[in-house]
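*Asks:* Residue-level listing of the chains:
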Amino acid sequence: MLIARVIGTTVATIKDEKLTGRKLLVVQQTDETGKGIGKPFVAIDSVDAGTGDLVLTASGSSARQTTITKDRPVDAVIMAVIDSLEVEGNTTYRKS
Amino acid sequence: MLIARVIGTTVATIKDEKLTGRKLLVVQQTDETGKGIGKPFVAIDSVDAGTGDLVLTASGSSARQTTITKDRPVDAVIMAVIDSLEVEGNTTYRKS
Amino acid sequence: MLIARVIGTTVATIKDEKLTGRKLLVVQQTDETGKGIGKPFVAIDSVDAGTGDLVLTASGSSARQTTITKDRPVDAVIMAVIDSLEVEGNTTYRKS
Amino acid sequence: MLIARVIGTTVATIKDEKLTGRKLLVVQQTDETGKGIGKPFVAIDSVDAGTGDLVLTASGSSARQTTITKDRPVDAVIMAVIDSLEVEGNTTYRKS
Amino acid sequence: MLIARVIGTTVATIKDEKLTGRKLLVVQQTDETGKGIGKPFVAIDSVDAGTGDLVLTASGSSARQTTITKDRPVDAVIMAVIDSLEVEGNTTYRKS
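Chains as they are written, first to last, in this note's numbering: chain A, 1 to 96; chain B, 1 to 96; chain C, 1 to 96; chain D, 1 to 96; chain E, 1 to 96.
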């Protein structure tokens, strides 16, 4: 899974019918401290994440293993909200 | 999903029989403002997107979860047309 | 799908039994004008493509959705020969 | 599979229900000597790996082929702890 | 498929039970001449490849389509040993 931050939202009226009612969040990969390091992409939210949250995203077919993404044409899902990260013995991130 | 712009079209007479009648659009990944940042690739259109539209693309097996791509040898599908993107509190893109 | 050019061929006597009789072509990703931009890789040919042709390749599980690649250990297939590409209103490639 | 080192841990209270009780480790890809070369990512541990261990990670749908990851929304799993690596005739890594 | 060279071996005592008896080889992607161009990774051998051999690797779910990798948590398999490569009319590699 990627460590990523929720940085925004997407509005899309015209979309595959299986996406109706699904929340499309703009996220960006981060390093272990929460610093953005990748290009923005869009993921379906399955855990009610909010803007600013550090989250985990699963991609590919794994993104379709949650109740709300099953059999849907989505290749990225937010499946966890990160409380804290500890790397090399240091707490590199803690949710405020 | 990637944020991408439809930049062109592909004509291919010789193709897998399961692709007959499918629209093959040339797209390019963009950032949250719609600025092109990646190499062009080709995606099947499932939402009647037009040239210039900012769209979402799903890749891999997820690209085969729409009615028109099911069981077909395609690894990228356009499954939404973006109306607007809001990032860090700013509207970074709005469909004109 | 990637836009790619067929640049060569592979001979492999020792291979998984399910690959017997399959044509293994060396391809390289290109931009919309047919200019090579990526590292060479190998794809199974499902449309009788020839050296020099610009083609579309599908990767991952999608590469196994053609009749000749079904259930085989291949992760890239050529599933279309490109006749022409039109980008931003210009014909950027036309098969000669 | 990627050669990677376990560098930390993730705490996430809010997560997909199928992830309850699963250990989420922070890992970083390394070269054949164990030197870190990639961005950190998060993988489910299926072999009781510890911080500092060099491990193998499988990604995508392959990450769901262990007993503890089956049908779960995870795209990376640690499925082996590396004892040693030998490259070009030299032992480039040995677990201490 | 990637063109890759077998450069070493991996010893891993602690691993997913489905990997018992499988050979884990260290490989590196190469260009069409056999020159190494990528980071090392680990693939299951399904064709009895030897160190130094130029091979083809399939990744993702496609890596699980051989008899010895079916339903196992592996995302890369060696499924062919390359005898020769011909690119742009030249023999760029021939097995010695």
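Hints should not be assumed to be uniformly reliable.
Identical chains blur together in the list; that is why a pair holds if it fits in one copy or across any two.
[What the hints assert, rightly or not] Lysine-lysine pairs mimicking DSS-like chemistry, simulated, CA-CA at most 27 Å apart:
#, residue 1, residue 2
1, Lys70, Lys95
2, Lys18, Lys95
3, Lys70, Lys23
4, Lys70, Lys35
Rather than coming from a laboratory, the hints here were simulated on the basis of the structure.
*Asks:* Please go over all the hints and tell whether each is borne out by the structure.
*Replies:* Hint-by-hint comparison with the structure:
no. : hint           : verdict
1   : Lys70 to Lys95 : neither (29 Å within a copy, 29 Å between copies)
2   : Lys18 to Lys95 : between (33 Å within a copy, 22 Å between copies)
3   : Lys70 to Lys23 : both (14 Å within a copy, 23 Å between copies)
4   : Lys70 to Lys35 : neither (31 Å within a copy, 31 Å between copies)
In terms of the numbered hints stated before, the structure departs from hints 1 and 4, listed from lowest to highest.
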